[in-house]
Amino acid sequence: MKNQNIILDFENNSNNGENKDYSEELAEFLGWHVGDGCISINKRHYQYTLTGDIVEEYPFYKKVVVPTFNRLFTSQLNNPAKLRIYKSVGVCGIYVFQRDFIQFLQSNFNLKNGKKYAISVPFKIKTLREKICFIRGLFDTDGSIYFCKSYNKRKKKSIYNAFHYRPKIKLATISYTLIEEVYSLLIGLGFHPRIQKPIKQRKNEYTMHSVIVDSKSDVLKWIKDIGFKNLKHVTKVNIWEKSGFCPPYTTLNERLKVLNGRLNPLTFYPNFNDLPLSYIKTTLYS
Numbered sequence: 001m002k003n004q005n006i007i008l009d010f011e012n013n014s015n016n017g018e019n020k021d022y023s024e025e026l027a028e029f030l031g032w033h034v035g036d037g038c039i040s041i042n043k044r045h046y047q048y049t050l051t052g053d054i055v056e057e058y059p060f061y062k063k064v065v066v067p068t069f070n071r072l073f074t075s076q077l078n079n080p081a082k083l084r085i086y087k088s089v090g091v092c093g094i095y096v097f098q099r100d101f102i103q104f105l106q107s108n109f110n111l112k113n114g115k116k117y118a119i120s121v122p123f124k125i126k127t128l129r130e131k132i133c134f135i136r137g138l139f140d141t142d143g144s145i146y147f148c149k150s151y152n153k154r155k156k157k158s159i160y161n162a163f164h165y166r167p168k169i170k171l172a173t174i175s176y177t178l179i180e181e182v183y184s185l186l187i188g189l190g191f192h193p194r195i196q197k198p199i200k201q202r203k204n205e206y207t208m209h210s211v212i213v214d215s216k217s218d219v220l221k222w223i224k225d226i227g228f229k230n231l232k233h234v235t236k237v238n239i240w241e242k243s244g245f246c247p248p249y250t251t252l253n254e255r256l257k258v259l260n261g262r263l264n265p266l267t268f269y270p271n272f273n274d275l276p277l278s279y280i281k282t283t284l285y286s
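Last residue of the sequence shown: 286 (the working numbering), numbering continuous.
None of these hints come from the bench; they were simulated from the model. Hints are supplied without guarantee of correctness; some may be wrong.
What the hints assert, rightly or not - Pair ranges (Cβ atoms, derived):
no. : residue 1 : residue 2 : range
1   : Glu-180   : Leu-220   : 21 to 27 Å
2   : Asn-161   : Lys-63    : 36 to 42 Å
3   : Ile-41    : Glu-180   : 23 to 29 Å
What the hints assert, rightly or not - Below 30 Å or equal to it, Euclidean Cα-Cα: the simulated DSSO-like pairs (lysine-lysine) are:
no. : residue 1 : residue 2
4   : Lys-197   : Lys-126
5   : Lys-229   : Lys-149
6   : Lys-116   : Lys-63
7   : Lys-281   : Lys-170
Glycine included, every Cβ here is placed at the ideal spot set by N, Cα and C.
The whole structure should be built from the sequences, with the hints applied where relevant.
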């Protein structure tokens with residue numbers, strides 16, 4: 001092990017601007033880990049992985065996750081982590097097979113080996129900024145933002161129940177402890193989240209617990225106060241802000257084309273192709 005000065009950076013962040021940046025990046029990394037990280041230990045090897053979808057999350061991992069990971073742990077890693085791609089299973093991410101590094105993560109951040117049945121918010125998350133960065137990291141990797149139709153204003157077919165314009169931000173996990181703690185963090189940050197009823201879709205599947213933020217005012221507050229760094233989420237937000245709605249089941253490439261003006265979002269709503277986008281946006285929020 002090279003050294004553990006990074007822990008001092010985390011715990012003494014109040015007195016130094018540079019240390020503060022480290023503590024916030026560490027908090028964000030811990031959010032990534034709770035979302036999509038994994039420690040696997042057996043008799044043959046120690047393995048740390050942090051992975052995402054190869055199509056939707058490749059830019060996020062390439063431009064944000066890997067550089068941040070290497071910057072944070074430059075003193076602990078024998079070699080800089082590289083972005084690995086596994087097309088056969090559709091993932092990309094970080095793979096580290098270094099025993100002392102994984103022991104460092106376990107001893108300093110209490111990160112556990114194996115499945116995350118009862119994973120919780122790491123005890124290192126203390127300050128307001130650390131909480132915000134942790135939440136952003138967690139939702140960037142394991143959360144979702146999506147947009148729904150409204151059936152409240154009209155029973156008959158209308159613009160309101162045709163377009164997906166009502167925003168929702170959601171986290172679903174097998175750990176009820178995590179959901180309760182994230183719920184409390186969001187309350188403390190001034191949001192109005194709801195814990196949803198647990199869902200078990202199949203007999204042999206784990207029960208999924210979820211917390212959701214689904215008022216427009218809360219979503220706007222989220223975008224302003226927390227934000228996203230994952231382009232998968234950012235593109236959805238940008239389309240919604242630009243058009244007033246965001247079609248579901250789109251790919252990252254399609255959303256980028258919409259934002260670049262190479263694809264009309266009304267392509268996904270063929271019955272409304274003749275309506276101006278400005279009219280749709282104005283009507284939806286009138």
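Is Lys-197 within 30 Å of Lys-126, Cα to Cα? 29 Å, holds
36 to 42 Å was suggested as the range; check whether the CB atoms of Asn-161 and Lys-63 agree with it. Given a distance of about 38 Å, which is inside 36 to 42 Å, the answer is holds.
Hint check: Lys-281 vs Lys-170, CA-CA at most 30 Å. Holds or violated? Given that 30 Å is the threshold and the Cα spacing comes to 24 Å, the pair holds.
So if I understand the rule, the pair passes when the alpha-carbon distance is 30 Å or less; does Lys-116 with Lys-63 pass? 27 Å, holds
Taking only the CA atoms, is the gap from Lys-229 to Lys-149 under or equal to 30 Å? Distance ~26 Å between Lys-229 and Lys-149 Cα, so the pair holds.
Has the hinted range 23 to 29 Å been met by the Cβ atoms of Ile-41 and Glu-180? 27 Å, holds
Pairwise beta carbon distance, Glu-180 to Leu-220, judged against the given window 21 to 27 Å: Given a distance of about 25 Å, which is inside 21 to 27 Å, the answer is holds.
Consistency with the previously given hints is maintained throughout, with no hint failing.
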